[in-house]
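J.: Residues per chain, in single letters:
Protein chains: 2
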Amino acid sequence: MISDLNDILSVTIRGMKRSAIRELLKFLGQPGLISFSGGFPAPQSFPVEELKGIIQEVMETEASNALQYGATEGDNLLRTMLVERYKSMGMELSLENLIITTASQQGLDLIAKMFINRGDPVIVGLPSYLGGLSAFNSYGANLIGVTQDEDGEDPNLIEDHLKSLKAQGKKPKFIYIIPDFQNPAGITMSEKRRLEIIALAHKYDVLIVEDSPYRELRFEGEHQRTMYELDNTGQVILLGTFSKIFCPGFRIGWVVGHPDILDKIVVAKQATDLCTPPFTQRIAARYMEKGFLTPKIKQIAEMYKEKRNVMLQAMEEFMPDSLTWTKPEGGLFLMVKGPESLDTSKLLLDCIKEANVAYVAGDSFFCNGKGQNTMRINFSYETLEKNREGVKRLAEFYKKHI
Amino acid sequence: MISDLNDILSVTIRGMKRSAIRELLKFLGQPGLISFSGGFPAPQSFPVEELKGIIQEVMETEASNALQYGATEGDNLLRTMLVERYKSMGMELSLENLIITTASQQGLDLIAKMFINRGDPVIVGLPSYLGGLSAFNSYGANLIGVTQDEDGEDPNLIEDHLKSLKAQGKKPKFIYIIPDFQNPAGITMSEKRRLEIIALAHKYDVLIVEDSPYRELRFEGEHQRTMYELDNTGQVILLGTFSKIFCPGFRIGWVVGHPDILDKIVVAKQATDLCTPPFTQRIAARYMEKGFLTPKIKQIAEMYKEKRNVMLQAMEEFMPDSLTWTKPEGGLFLMVKGPESLDTSKLLLDCIKEANVAYVAGDSFFCNGKGQNTMRINFSYETLEKNREGVKRLAEFYKKHI
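Chains as they are written, first to last, in my numbering: chain A, 32 to 433; chain B, 32 to 433.
In case anyone wonders, no lab produced these hints; they're calculated from the structure. These numbers were taken from a predicted model, which means no experiment stands behind them. There's no promise every hint is true.
Same chains, same names: a pair is fine if it fits in one copy or spans any two.
Once the Cα atoms are required to be at most 30 Å apart in a straight line, the calculated DSS-like pairs of lysine-lysine come out as [to be verified]:
1. K83 to K327
2. K194 to K401
3. K384 to K234
4. K377 to K423
5. K431 to K223
6. K327 to K194
Please take these sequences and the hints and turn them into a complete structure.
T.: This is the structure in structure tokens:
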């Protein structure tokens, strides 16, 4: 072995840490553990029976293509299906506006690779999705956090940062927003707020990256239009994924955007993994073609609505007064907040050991090092009974430790 | 759309070009075209029937796990199968020495991300695999090319570079070698030569990245031990893949190496795609468990041997005297060389139009901008008849144009 491994690492890798969430996955095997930690969909939501028939058909009729290398842009049938689906929702786009990625985590990585030089400012929410922050960090982004209210990131605070950067002759490479059922906060942004942020993006000539893995999992209220649709000038890059509405094990996501932007992402993707698995792409395309996706999403939303309801009810029932929580209209997550003095990160291992319940400590989602008094709670993975039981245990643990 | 898209691109993406090979794939649909261009395996080599049964079993018995998120390190069963397979070949390793990647292109990308800062020297062959060069380039590597003889990269030339870098207080981040049936040259390195290069790596305290997608596809002669095995100190990082011995459409590769190195690669992979598709990993693991892989590799090697034989015979028969070519003992590629004045890149489009035959112009594989008089020829994808017919057409075209 070489003598100086740690000395020859790139600046990039030196700045990276193992994801707290991915590391937590190790505890998932502990007997009796109730895990509110991952962003895992319920395994009961996977369309196993439908897939059996489809996979058999793919293997009978088009195995040669499905098992071969494919285009970097993605499977044309799958791209067409996704484009048609967005069009049926009223969005204007064509094939050249959509490419496939190896789930949306790769979309985030490639967008970061495309834009970020070491030190470049990027505006993100306080809190925001850890996988997004990690991807941007890995290219050396200077993350600028913007506090959220009950309607998402505050446009006035965004404009303060844009102004102050402009005064220094700078602008952020993009503004990163998860407008629907935000991870981790569970907040959804109103159309008014979306339009205000888009107006800022135009005023300051800045891109928006709209990360949208949960949008269709709405339990109540009105579907909000995507920021991509509201802008409609190519200034918004929209990321989608099958991970929460179909199955994460296929690793399929997509990027919707201006062809000039997608063209560069394709170049970056060529050197990264050549192409997303043509096999899982083709199965997904046939699944959509047969009309299975839309009813499946409805079914998942109903399943998660019940899970959320049980969780919210258990929180009302068991949680100490000093804890508050968000009430998401959809998605997979809510966020719990305690008094300023609370440190959920310090308490996590004890909580797993004593109460056999896991969550994600909120500080991972705050690029400014704050958020120690928060935790992210997932309500999609465990059963109804475990959602209730887990909240009860969590509440008892925190009653003791606040 | 923003006003200055081209101005806000990262330095990384500015330095990247669309891969000549990936771009050529567009022509593959042209009627009657004989393509020697891609690195595509023969579709007849895909184990469609075996896979049908295995996929059905996976869907019946373990769909919940196969369709869910998985560990970043990869599926434990698949890792175990691969480790056992290497051990059965006499290599010493354990589970902590092997992780799964989204095919070996991702392995190359992650190794580059882990080590390369802009301007860092990396030693590569003249010629070498385009996907490797692109991955290293995308992180700003300073590629130092080493000329090959009939036994691969010349150790004396490697040492000259190591010495001269040392005199400047530098050393390369690694030496990139494809020792078996090299892409594009088709050359295999002798054990003596492998040991010489390993000795240099020790003397100058430098890592070796051994890219090994073709090693098991040997048609004749003795299997050479991997450089990883010959070194056995952790100074060699070995990359493997299913793309040429099973199917590329699953996008599964692996990295074998020292745990300290793999640990960092896992951190980088977390921010890149979270995990390689658990679905295709589990199918591959069950395929190996049932003992299908080893006989399949033997069958593919026999198939490609015949394809190579037909191609070499056709070359003897039809090629003009001014062209020479390598005679690979395995793999998928050989390289044709013409007089210094020849420019295969300039002639490629004409060759496709006039002769309806495609190859890859050799200059893409030379980091020093040379190699215009060479071309890479793939013999695995087309049928025996088309291998012969394609060489005939190529020969006729080049007779006219030299």
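J.: Hints the structure violates: just list their numbers, smallest first.
T.: The structure conflicts with hints 3, 5 and 6, although it agrees with all the remaining ones.
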